[in-house]
Amino acid sequence: MSGNEEKVHSFTYFKNNVLPRIKKLGYKAIQIMGVIEHPYYGSFGYHCSNFFSISSRFGTPNDFKALVDAAHGMDIKIVIDLVHSHAARNVNEGINMWDGTDYQYFHGGEKGNHPLWDSRVFDYSKYEVLKFLLSNIRFWL
Amino acid sequence: MLYQHHGKNYCFTGDYNEYFNDYLDVDAIAYLSIANLLAKRINPGAILIAEDVSGFPGLCRPMEEGGVGFGFRLSMAIPDMWIKLLK
Chain A
6 MSGNEEKVHS FTYFKNNVLP RIKKLGYKAI QIMGVIEHPY YGSFGYHCSN FFSISSRFGT
66 PNDFKALVDA AHGMDIKIVI DLVHSHAARN VNEGINMWDG TDYQYFHGGE KGNHPLWDSR
126 VFDYSKYEVL KFLLSNIRFW L
Chain B
52 MLYQHHGKNY CFTGDYNEYF NDYLDVDAIA YLSIANLLAK RINPGAILIA EDVSGFPGLC
112 RPMEEGGVGF GFRLSMAIPD MWIKLLK
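Chains as they are written, first to last, in the numbering used here: chain A, 6 to 146; chain B, 52 to 138.
No lab work stands behind these hints, which were simulated from the structure alone. Careful: at least some of the hints might be erroneous.
Stated by the list, open to error - Covered by chain B, per the in silico footprint, the following chain A stretches (three or more residues, Cβ under 8 Å):
no.	stretch
1	24 to 33
2	111 to 121
3	132 to 146
Note that CB positions come from ideal geometry on N, CA and C, so glycine has one too.
Whole structure, please, built from the sequences with the hints as guidance.
This is the structure:
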């Protein structure tokens, strides 16, 4: 989250200090990046590890809900970046190699590696992948 | 995620043959269509934006027309071009 100082700001800081300014400027919608948990800050929220959790460096789930409620109270719509095109390759924190294989949620072998983004590529032909991602949409909405 | 080549070393000029060929990830297209249907069912007012560089035809057309069902497209190629220009 952005703020005045050169540091990682929080959902709460954004809600209290930035949101009123956005409202004052007349904006009707904002897109918040990196809402989903991602271990690597430099990925800008694109290397997601835990699709059902909030990016903990910005605050708690309730902090985020309070931000969304505050925005809605100002008649500002919230758009988040739901990254379902690929996932972080982190094994300890993410869903990569969760069951010990490289093909549980992703394509096995080289096809499962994104050539540009250093991440894992979902296999959308798998029933469990569809269940996982669709329930994730339901979760966030 | 639309293409198995992921856009790497691939150029889109607008010719349909560049989009609809064996590189297309049909499962991904099917997933996105279902995802948009579901999102609209949960919240009919949901704003659904596709981030797409390639300009995939029909991405923002309704499913009944054979589209993928997004409402908007964030055409990343244009901001990328701005960054290039400014640099």
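Status of the hints after comparison with the structure:
1. Judged by the Cβ-Cβ criterion of 8 Å, the stretch 24 to 33 of chain A is not covered by chain B as claimed, because only 0 of its residues qualify and three are needed.
2. Here the stretch 111 to 121 of chain A counts 4 residues with a CB under 8 Å from a CB of chain B, which clears the bar of 3, and the coverage holds.
3. Check on the stretch 132 to 146 of chain A: 7 of its residues sit with their Cβ under 8 Å from a Cβ of chain B, so the three-residue criterion for coverage holds.
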